[in-house]
Every structure is written in C-alpha cells, then in structure tokens.
Amino acid sequence: MSTSFVLNGKRTTLDADPKMPLLWAVREVVGLPGTKFGCGMALCGACTVHLDGQAIRSCVTPLSSVAGRQVTTIEGLQSETAKAVQSAWIELQVPQCGYCQSGQIMSATALLEKNAAPTDADIDAAMSGNICRCATYSRIRAAIHTAAHSIKASA
Amino acid sequence: MTHESLVSRQPARRIFLKRAGAATAIALTIGFDWAGPARRAIAAVASSAGAVFAPNAFLRIGIDDSVTVIAKHLEMGQGAYTGIATIVAEELDADWSRVRVESAPADAKRYANLVFGTMQGTGGSSAMANSWMQLREAGSKARAMLLTAAANNWKVPLAQLTVEKGVVYHSGSKRQATFGSLVRMAASLPVPENVTLKEPRDFKLIGRQASRVDVAAKVDGTAIFTLDMVLPGMLVALIKRPPRFGATVKSFDATAASAIPGMVKVVQVPRGVAVIAKSFWAAKQGREALKVEWDDTDAEKRSSAALMDEYRQLAERPALSARKQGDAAQAIHSASHRVSASYEFPYLAHAPMEPLDAVVKLSADGCEIWAGDQFQTVDQANAAKTAGLDPQQVSIHTLFAGGSFGRRANPGSDYIVEAVSVAKAYGVDGTPIKLQWTREDDLHGGLYRPMYYHKLEAALNDQNELTAWRHVIVGQSIMADTFFAPLMIKDGVDPTSVEGAATIAYAIPNIAVDLSTTKNTVPVLWWRVVGSSHTTFAVEAFIDEVAHAAGADPFAFRRNLLEHEPRMKAVLELAADKAGWSSGPLPKGRGRGIAVAEAFKTYVAQVAEVSVDEAGHVKVDRVVCAVDCGTPINPDIVTAQMEGGIGFGLGAVQHGAITLKDGRIEQDNFNNYRVLRMNEMPKVEVYIVPSTLPPTGVGEPGVAPVGPAVANAIFAATGKRIHVLPFSKGAAA
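Same order as they appear, the protein sequences are chains D and S.
Each residue of the first sequence is one higher than the one before, starting from 2 at the first, in this note's numbering.
Each residue of the second sequence is one higher than the one before, starting from 18 at the first, in this note's numbering.
These are computed hints drawn from the structure, not numbers from a lab.
None of these values were measured; they are calculated from a predicted model.
You may find that some hints are simply not true.
Simulated pairs of lysine to any residue, SDA-like, Cα-Cα distance not exceeding 25 Å [stated by the list, open to error]: (1) S/K308 - D/A68; (2) D/K84 - S/A234; (3) S/K618 - S/Y523; (4) S/K295 - D/A68; (5) S/K182 - S/P652; (6) S/K182 - S/T165.
Residues from chain D that face chain S, not an exhaustive set, calculated with beta carbons under 8 Å [what the hints assert, rightly or not]: (7) T14; (8) D18; (9) M42; (10) L44; (11) Y100; (12) T120; (13) I124; (14) C135; (15) A136; (16) Y138.
Every residue gets a Cβ at the ideal spot worked out from N, C-alpha and C, and that includes glycine.
Same shape as in the complex, but just chain S (with noise of 0.2 Å):
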C-alpha cells in the first residue's frame, strides 16, 4: 500500500478517516467548510485504487480518473443519487460512465440540508433544490482546480484549454490529460473563491437523459439494502410491541422462546420486549413463543368512528386560524348560494417494501449504525442519547432504502432508537444486531398520516362568482412535541396540517382556514407529500363541487381563479390541453376530472379519465400529468416520480386506511391494508413544462393531484361525489 500525504496549510481542517471500497486500504480524505478565506486545496492519499484529489466535501477524483461524488442525501428511489451526481458531473465536465456515488457520513456541518437549516437529511422534496448551487461550484471549482494545473504543466494560458468528459485538451499544441493526470497538481493549488458557472445553454447532462446510477445494481440482485448487511457474528433481533398504542409491559415469560433452537436472549427495551437470535427465522418463532402481558392503563382504547365523531364535533367549535383574508363567515352568511362540503380522511401506514431494519454495533466508546437512514444527524443524536454517548462517537452508513415515503425520516429516531436499546440490552459488547421489522410490525407500529376532518363552505354571488371560502381542518399535529415544534409551529398552528389548504392559491376576495389540533396516543408523521395528502383533495374535490354549483365547466372555473399565479395556470392548462379536455365529456360510464397543485414550490396538474361499470366499479384508465419543477436535471427521473406518485397516491384513495377497533390496528398485511397492484395502473403520460429556474422538488408533488382528479372524474362518470376515503368506503355517499 502506497501512502501519500498532501499536506495542509490549513489549520482548522478536519480528518475523516474512510474505509475505501471493498479493499481493505483506507483512503484519507479531508474535508473543509466552503466559508473563509482562500485555501489549499487538501487532498491526502493512500488507497488501493491510489492517489485521490478531494478538493471538497462532495467529491474525489482518482488517478485512475474515476469520479465519486459524496450524497449527503438518502437514495429511497426518488433519483437523490443520479440528481446530485448529475450536478457535479455537469459543472466538472466529467465523463458520466466514470461517476459513482458514494453515501456521506452524519455531519451536520458538511452536509447538512440547506432548507433544513443545520440538519442533515432527506425530505420534503428538497435534494435537488438545497444541493443545487452548492453541488455546481462544487463540480466548478473542482474543474477550474484541474484546468489550472494542466495549464501551469503546459505553461499555456488557461482560456486555451477546453475540457469533455472527462479530458482537458490544448488544441494549439495538441495536448490532452485525463482528469486522473492532473489530480496530483490539482491537490496542491488554491480553492479558488469565485467560479462562473455554466449557462443553462451550456448543460450537457442536465436536463437530458443520463441513465441512473442505480439501476444496473437493482435489477441483477446486488443493491445492498440494511436487509442485506451481513457483519461476523451478527444478530437478528425482533420486537414484540404492544397491540394498543400508549400500553407498557406488565411482565413477560421467555422460557418458551428461550428454548427455540438459534435463540441467543431475551431483553425488555422500551418498546417492548426484544427476541434475539442468531437467524431471522429463530427470532421470528421466539417471538410467536414469547408470552408478554400488557398494562394497558394509558393506552388508546378508541375506534376510528369514535375519533372521527370527535373531530366532527370540534370542526363546529372556534378554532385557531391558519389564513384570514376579508371576513369569509360573513360573506357565506349573507350570500344568496352556498355550497358546503366536508371530506374524511383515514390514517395511511407508509409501507415500504423494505420493512423496516436498522443494523447496530454498539460498544462501550462507540456506536456503528447501518439504516436507510433518512435524517442522519437527528439520528446520531437520538441514537447517542439511547447508548450514553456523544454524537460524536455514533457513525452512520447510509445504505439504500428500500422505499420510505417519509417513514424513515422522524424526529424521534423510532426505529434506530430501537435497535440502539436492543444493543444496550444485549450487552454493549460489539455484537453487531439487525433489529428487523416484519409487515405486520410495519402497519400496527404508527407513525401514520394522520387521520383528519375538513370541513368546507363557499359563497356564490349573482354572477356566479366565488366570493367566501371557509376551510376547518382538524386532526392531529405532526411537529408537536418534537423538536420542529418551537422553530415550525406559529401561533398553534401546525404548517404540515394547512400546507396545501392555508395556501390556497385560487383569487377568492374572502378566506378564512381554520385549524383545530386533536392529541391522542397514536402516533403521526409526514407521508409522501404532507399535508397536501389531504388538503389537496379537500380544495381540489370541493372546488370542482362549487364549479358545478357555478353552473362552470371545473377547467375554464379554476383557471379563470389563477391569472395571478402563472406557473399554476400554465400547468393546468398543459394538462387539460394534452388530456383533450376541449373534446367534451367522454361516452357515458366514463368521466374526466381535473386537479392542480403546488406542494414543494413545484406545480402539477392532471387529468384523470375513469370507467364505472354498473357495478359502480371503479377502473382508472388514464392520467394526463403537467408538471414544472424548473429545471429538470434528470427528465427520466421527474416523469418517473409523477407515475410513481400517481400510483401511490392512487393506491391511497382507493383501498388505503389503517383503522382502530377498541385501541387496536385493523390491518396486519398487504390483504387487509391494499395497495396499488399492477393491473390498476392507469396509463399515464407525463409532459414537463420547460424551465431555467432552479429546481424544485419531484418525490411527492406527483401525489397530491390524483386523488381529487379521480374523484371528480367519477363524479363527472356518475354524478356521485366521494366525501369519504378510501373510495372503497366512500362511494356509495
């Protein structure tokens, strides 16, 4: 093994010490902050594939011209790996069939997500736009970096040379060097401060079409997901948890368990009660042995129905107002037509096809976590609090997630918590343990949508114009007690619970949108697009009831209400043109519905066609999806993620809802809690407005619109309106 130090002039730099691929050589990388004055550029070397340049925390070059770039970000599917990579790659001019990706360690100071502030994660479809400018001067200084030291090798002046895939070329004198060639001057020149960066004219990978860096590894069997980790010695550990959120363990009896052949031990947690054995398949028959008795004293004991009275109820009573524009309960009073509306919405359990895990070794001066791991620094936290240990000694390998949809991002760390106190219990010796999730763990274990009520009134005058619009939503909080709390929630109000309705974009003279928070023990978190999961539909079906009401065709009503807001009429109009909404209504048994909505600063807008059989059997045969996101880096990827998002979005108002019966979770598996299948898919089309903006996200946006498109399609099928979701409950209504 070579070794090689550049060293730095630095005084402030910060060593990270990196297991480098599969050799067992270790390849120092040291990163810097972006801030300050001009510094060396700091690369110090020694690895199997040899010298590396490292002039920033997001990317190294080896001499054998390969091109990693660090992911501060999750890959869950949503493209995260291909997006960022795209960025570097396009700024360096690298060649594309020589970048991989690499996932970046916890830091916070490094990588944190720029919209989140001083945290590191993944979310609210913000990779792409946090990374955006960070991740080109990245890839620009790098490729300036490189230029200078070919030009100073060749004593020619520096607006001489040009630079493709990978290679800068002196065509005065012929001349050419690989990237790789030029990493060991480059290592030793100045960062520079100030990089043009490309015009969008200039985009060679942006906005075209690189296939992704993933999917060769995902379709021969060799992605590793934290299912797949393997360490010596491992164990697997499964969690028995209370059926009745809120409840404890009153005692428990392991003498069954324990005799299970491969049972390694038995520890409260907690959670619960932790089975751990040498295999899955001994850990799972040792859990079905365990007997566990439950104090079920503080533990939720209500059905859905009794919950959903009691947000009934509270829709009636004074609530805390999210948006107050004009006097909206007036105008409703005094207006000659009304239209009222109110829409139910169930609990939705993520489900992701990697149920989740989470792999620990924890001893006494230090904690190795490997996870899907969506908020790496929250985690480090949460995990370092469970084990007794600093941040600091707590490190994250983040793997590929097998899907999340926001699951694997909460602010209470749920499941690495877990699996840190099934290692604390075990014994703190090194031993490294899966803690494994199963379905059933994954739809009675929480950490849902929240289930809500909203309830809506509109005011028509003369001409038929809407005047008043009034929205009260209620339901539980997603921020309340975490530490989003004090920095999110403003006067009470939740913005997760009135994203999507508070911001309703429609030119109304009189609004007003009420919030009324519940609390109860089940617990709630983000899923895939937040609170335009629900408030989408509720604006979006009702809108389309107060068009009818308006005697309106439910496209030209809307638009007619977004001449202020262009990019939303824009994409309303993409969609309703390439839909062929101006061929009027479809055949009888069919119908189309239109929706739009912005969630994450990106706009989409689609149409739905459906067929109702006598039956009134549901089948949804197209979706037409209008989408702007500014600059789209990877188009694949976007219209990738609106098909994706109209599924999952589609698989939730048809069949989704996770119910309560006395306290306990109705639906244990993919029979009882139904998601999209294959033969439900509807044709979709995806169209991209074209933009120069800076990119917005991708991941949920697509989900928001399908729901009430659907539903006012069947409306438009047959003259029924769904108030109630899923549809498979709220249909006959």
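Just chain D, same shape as in the assembly (with noise of 0.2 Å):
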C-alpha cells in the first residue's frame, strides 16, 4: 500500500506498510538518516520531525497518517529561523555526543516559529520533551536566546 505526502518540499510516494512509524518510513525507506531513534514511544524526542509545521514524535507516528501532508526532517530544514537555530548551535558549540541534537533543533525551530522571543518558562514547555544524555541543556536554552536575537536583529 503506498502514501503520498510531502517529506522536505518534495512530493514523496511509498510503497510501505502504513503502520510503520514515519520514523522508520524516512530513514530506512526514503533513507535520510538525520532523524534518530531513541526510545520508540515518544518519550525522549530524539526522533522529532515537523508535520505542517508542528514538532512531533516521528516513532509514534503512523505513516499513513502523514498522507497529504509536510513532513520535514533535519536534512530538509531551509527557514530562516532554522538557519538562525544551527548557526547559535554552532556559535555555542552545543552538541557532544551529538545524537539528540537533530531532535532538540527541530523542536527549537518549531517553537521559534511560533514563538520569537521565549522566556526561559517557554523554553522548558517547549524543550522538555527532548532528553540530551550529554546535559547539554543550558547550552541549548541559551542558543535558542541567541537564536531568537539574530532572527529579531536580521528582520
């Protein structure tokens, strides 16, 4: 049975089981590997991807779910927003072990999107749902402020 929906501005049929999780359907049938696998019961984010633009749990995810719809992954972030969120990553040298950090920039993007200028309250309802091993979080926290700036400072 297949789905069609669109996975990072391009419109995506596949032939797979529609029960499968969205996570497994992008990274062993479409094969873009920048969305990881963590715990499969949403409970840690690292597998976060945005459905129109909303961060979700890519393991809990039915494919057939997504049909008609954009799905974004980290290899098809393009926004300005999203820019802005890699470059204070990058800035701050956030990641260590590194394996969560595709999950905490698309939750991060996603709540810049909605939201400019967070509060720190903002940051851990926004931000909670994505564990870092590696306690990366007041890095995190502080590059989603840095963030916010240079998008306030570039608009």
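Mind docking these for me? Both chains are given alone in their own frames, and the hints should help you get the complex.
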C-alpha cells in the first residue's frame, strides 16, 4: 500500500506498511538518517520532525497519518529560523555526542517559528520532551535565546 | 589514479590498507613504532587527494594541505577528537581549519591507551592524559621534517625558518611554502630522534578556543552513528533476551514471527533468540510475534529490597581492608562523640541516547565491525573468539557513539559478541547484519552501575576535631571475573569499588575502609566516574554530617582537613568563593551545599543552591563548579564536560534507579527510568584553575560532587539528610 506526502518540499510516495512509524519510513525506506531512534515511545524526542510545521515524534506517528501532509526532517530545514538555530548551535558549541541534536534543533525551530521571543519557561515547556543524556541543556537554552536575538536583529 | 610509492628502508615496516574518504582510491599508509633506531619516514601514496605524508601513526598531511589526525580514541561526546587534534595541530603549527580527524583501526601496538597498558580503548577519563606526550611528539616530529624539507630546498639554515598555520616562512628571502608543497620532500627524510616541544607560553591552540571538529556535522544531521550505517544487502536483527538474568532458552516457536512481511530468519544465539529481517520495523514486529519459553532454573529471582537487606547484614560482618591507618575501630569505640550514617545506592543504567548497536559483516575468513567502539582491541579479540577467527582477521571501524558513559567499554564486549553470534548463526556468508537494541533492551539488558550499601562512623574529640573514620562498602565487583581481575584486584579488593573512599583525602588520624564484595547474576559495569559515583556521595554527605555534629561550617571544616592537599583545597576555596559562600545562609526554603572530589587525578568542587517548596519538591537553582584538570587543552570542552557531568549526576541522584522485582527489571523506558530534562537543569558556572601541569581527564569527574553538594544543600534548606538514593525515594527519610 502506498502513502503520498510532501517530504522536505518534495512530493513523495512510499510503498510501505501504513502502520510503519514515520521515523523508520524516513530512515529506512527514504534513506534520510538524520532523524534518530531513542525510545520508540515519544518519550525522548530524538525522532522529532515537523508535520505541517508542528514538532511531532515520528517514532509513534504511523506513516498513513501523514498522507497529503508536509513533513520536514533535519535534512530539509531551510527556513531563516532554522538557519538561525543551527548557527546558534555552532556558535555556542552545543552538541557533545550529538545524537539527540537533530531532534533538539527540530523542537527549537518549531518553538521559535511560533514564539519569536521565548522566555525560559517557554523553553522549558517546549523542550522538556527532548532528552539529552550529555545534558547540553544550558547551551540549548542559551542557543535558543541567541537564535531569537539574531532573527530579531535581521528582521 | 596516480600511484606513487616512497619505499621504506625500514625492514620491519607494517603496511595498512585504508579506504581513502568517499573516493574509490586506496591510500596506502605505512606505520612504524616510535621506539627503536632512527628510520626513514615512510609514506606511500595514491589517493584521489594525491600524495600524503604519513610520518607516524597519528598524522597524514596531503599535498592539498589537508591535515588528517588519526584518533585512537572514541568520540562519544566528551570531545576526544577535538582534544587529540588540538594537541597534534599545536606542535605541528597546523592551520586548524584544515585539520580533520579520522578514527584509527584496532591495533594495540600503535594505538594502545598508554594508561591502560597494552589495550586500545577509551575510558577512565584518560584520552588526553595518555595522548599528551605521544601526540605532542608526533606533531613536533612531523613539523621538524617539514621544516628540514624547506631548509634543504631553499638552502637556508633551519633556525631561520618560522611556521604559522601550516605555512613555512623564510623572512630573509621572503620565501614561503605550505605544508602540502613540502610533503614529498619531507617524506624522504629521517624521522628525528629528539625534538624540543613547545613551552606552554608559546601555545596557540592549547588553552584557547578552537571550535570542535564534530559540531557542524552534529548540527545538520550528517554525522554518522552506527544507527545510520547502511551497507548493500544489510539486514537488521533484534534479540529477544530472557526477562531474568541467568535464564536460558527452553524452546521457541517462530511460526508467527516468520509470517511477518520482511522477516528473513529466526536463529537461537547464546543470549536468546534473534529475529533477522530486512528492516527494523519488520524485525520489531517479528520479535513481538516470537514465542520463547525460558528456563529460569539458574535465574536471579530476588528483588532489590532483598538484596539490600543482605547488604545491610553484610556491613555488620568482617570485611576486607581497603585502607587502614591507625585504629579507627578503637578510636570510635572510646570517643566521647560519635556520628554514624548509612547510604543506599541503586543499580543505574547508562542509557546513552543511541541504544546499543553494531554492524557485523562476517565471512569465513574475516569479520568487519562498525560500532561506536570504546574497547577496540578487546572487542576485536572477543569478536574473533566468537567467530572462530584470529584477532587480526577482525577489523573495526569506530564510528561516533551517541553517548556511552562507560556502557560500550565492557570486558565481555556483550553487544559486539551478540552481533557476531547473530551473523554466525545466520550463515557466515558476508551478509552485513545490524544488531539493534531498543530502549527497553537497554534498560533490561544489564551492565548496570552496581547497587551499593555504605555504612560510616566517625569520632570527634572534645575539641570537635575529627579523630577517626570508619567506612564499610558492600556491593558487587565490576572487575571480578573479567580479564582485569588478575591485574587489578589486589587482596580481594576491586579498586573500582573503593576509589574515592579508600583514597579519602581528609587528614584524619585513624581511618579504616573495608569492602564486602557480593555476587549475583545481575551484570554490572563502570558507569560515568565509576567508583566515585557512589563513594563521593557517601564521603561528602557524611563529612557534612560530621561537620554539623562538630558545630562547624561545612566548607571551613573540609578546608581545615585539606591543608596537605593544595590542589583539592584550591578548588574547594575557588568554588566557595565564586558561589558567595561567605555571604551567609540563603533565605528560608533555600539552601547551599558543598562537596569536593578527586577522580582520575582531576579535582572538582561544587556548590549547589536549592529551593525546597512546602510540598518538599526540590529545585536545584544553581551549581558553581571549580575544576583543576592540569593544562586545560580546550577550555570550552572542559566547561561543557563539567556542565554535562553535573546534569548527568543530578538526573541520577534525583530520579535514577534500576530495580528488580522477583528478578525482573521494573524499568522499561524513559517514563519509568527518569533522567534529567531541560526544566530541571540548573544554572551552571564553571571556573577552571589555570595550570601548566600535564592534562588529566574531564569526561567523568564533574559527575562526582554534584549529588552530595545537592544533598547537603537540601539539608541546609530543610534540616533533612538523604540516606537512600535516588532523592525521590530517600527524601522523606
């Protein structure tokens, strides 16, 4: 059975089990490895992608549920906000092992696209679903503020 | 493809074939040992990038000016790749923007961890400490050869040359040459016996801020972890393991599993039953459909509570001595003022973000392994034994690890051996197979930080001076029954059970530290900062209780006992000063606590500030950290490791516990094995003691003091001590 959706701006049709989680469809069927597997139960956020602009956990999202919708993975990040987030991540040298960072960046980008000037409490609310075992949290928080400032400055 | 060979005159050379980047060309690099008489630099070349100069096992320079540093250590987040590259590039005077890092193959002769001796591996926060002189010499000797090549070419005295960012200059004749342009000439020169290393004041990269070599790829999703490895025809395997440690397969029924689309094969392996499929999704469904009956005859069937009861009783019985100074028992018995406490620590899982995984390609005459490999030559030997091959028939490609915290460094190579056993049972036909663990497999699968019980007693004299200290530790040994045992376990005492306790730094006239080692089938392993993950808590929480009993300020009490330990005292004072310790107590409902530790020769002190609300909910607001790690090679990485260590340690003391109920692990995933999240991360300030001493490690030591610092802060805020970890279980005590 096939499912059609827009993946990173490209119309995509996958002939795969409609119950297959989007995470594995993107990784193993399409071949985009940037989105990671951490828990399989929407508990850690390593698999975060955007579905119609919202941050979602692809490990519990059946492929069938994205039919006709827009999916963006770390490989497809293009927006000014996303670029600002990635630049801030580099400027503040956020990653350690790096495994969770695709998911962190997807969540941070979705947050900033809705809320251009998040407070620490907003960041806690938006980012507490993304675990980082290296505990790079202080730098993630600082990088989100840095990205928000740089977007504001260039607006 | 061009092929050029600069032939070695060294008869005992060893030749290594290596894939050169993404290109199909093969670059031939030849390594040699540092020891021994002077020899020709050996570099044979042929790659798409052109000629390379490979003066030693750690470095290649291309005619395109690229500098490739070969890392013998795993990059698991701790910054080893950047540290290694910084050391080499410093002495080489390389252009940092042209430096890249490549992982070394498994080879104990060239790539041993010099702290471990003869094995290649990463752990014990030793990557910088053991590489420091080796890599400085490697960089310096290569630099000397490039300079000699330029001097010979220009016919000018060597002493008139300078080097900056990969370019050699002769100011008198206004000539300059990039490293790449000197590669061919340098490759024909003898390797110098002796070189003069830089003075610390001349460092341009060490101690300054170089960007990490791995950050860009970790921000755009292109960094390749084992999870991301794809090889043509690769299959994915999951293993159904017994729910209790020590159980075995009685029988299994693969009928339903085999009917799942995409399933390829179901095979029994020593650890359970493996399902092998064309994709993870098919394998996962196949495993769910697989029916296995287990034989629990030899399985662990007890609960954590029963194990802890046994530990408590053992603490009252005679144990082995790990440290004896004076007569602590007598001094405590006859003291006018005694203090005592016990502390209980649960099993802990490492739970790295990347669940364990390994790709194995096994054929009759060789085995290739791709993994975030932390113990390369141990894994090579264990894989060879499992496959029935010689170790040199096993090659290991070390990839980035998505965290490890010790989990991937295990003497039995559990996940590697499992992957090889699956490939062996599948058919030894060269089919690449990726063994994938899920989070549930990770939390149920063992190799935990052991559970421990600590009992402490102290004596104070009439002047409230600490005169005696007695510490009994009960728990499993990490090294027992491994190849480390004969080397490391002396008189029955596993040093990883007592480090941080037997090595207590405080000046106390009578000290006794005893160890009672327990045995059961729950597999255990070192977990970030190893013994100090529990001993520092016990020592630093208890000394706080003793200070309180003595009516002393906890900082001043510690400092007075550390007059003979200048580095430890200095970090203690620095942390206290930066935290504003002398400004007096915090307002009601808040508290400040302090702790200090030495781990892997690095000194760390931390001051924690907490708020406790009326419901008893604890929020850690701020942690001030002072660290002395010798020369800070990359100060920002030192800071990052302290920040990360604090977060890692804090998650463990607040929430972390793996528990058994009738032998079954009660935790499954991050819902009931809680780790620190963004909303719980305190503000962290890190202060690095300036130093030109040789570097020590930073990956682990930051974890040690945070637990007791926070526990002591909770006492300051509430008057309640914590004796049972994690806090969520012990706070009411």
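Evaluation of the provided hints:
Note on S/K308 and D/A68: the hinted pairing is violated, with a Cα-Cα distance of about 34 Å set against a maximum of 25 Å. For the hint linking D/K84 to S/A234, the alpha-carbon distance of about 14 Å falls within 25 Å, and the restraint holds. Distance restraint check for S/K618 and S/Y523: the Cα-Cα separation of roughly 16 Å lies within the 25 Å cut-off, and the hinted pair is therefore satisfied. Proposed proximity of S/K295 and D/A68 is supported: the alpha carbons are some 24 Å apart, at most 25 Å.
For a cut-off of 25 Å, the pair hint linking S/K182 to S/P652 stands: about 21 Å separates their Cα positions. Distance check on the hinted pair: S/K182 and S/T165 sit about 17 Å apart at the alpha-carbon level, within 25 Å; holds. The interface hint given for D/T14 is broken, as the beta carbon of that residue sits about 18 Å from the closest beta carbon of chain S, more than 8 Å. Evaluation of the D/D18 hint against chain S yields a held restraint, the C-beta minimum of about 7 Å falling below 8 Å.
Interface hint status for D/M42: upheld, as the beta-carbon distance to the closest one in chain S is roughly 5 Å, under 8 Å. Because the beta carbon of D/L44 sits about 4 Å from the nearest beta carbon in chain S, less than 8 Å, this interface hint is met. Interface hint at D/Y100: satisfied, since its Cβ lies 3 Å from the closest Cβ of chain S, which is below the 8 Å cut-off. Interface hint status for D/T120: violated, as the beta-carbon distance to the closest one in chain S is roughly 13 Å, over 8 Å.
A cut of 8 Å between beta carbons decides the hint on D/I124: the least distance to chain S is about 7 Å, and the hint holds. For D/C135, the interface hint holds, the least distance from its beta-carbon to any beta-carbon of chain S being 5 Å, beneath 8 Å. For D/A136, the suggested interface contact is upheld, since its CB lies about 2 Å from the closest CB of chain S, less than 8 Å. Hint status for D/Y138: holds, given a least beta-carbon distance of 4 Å to chain S, under 8 Å.
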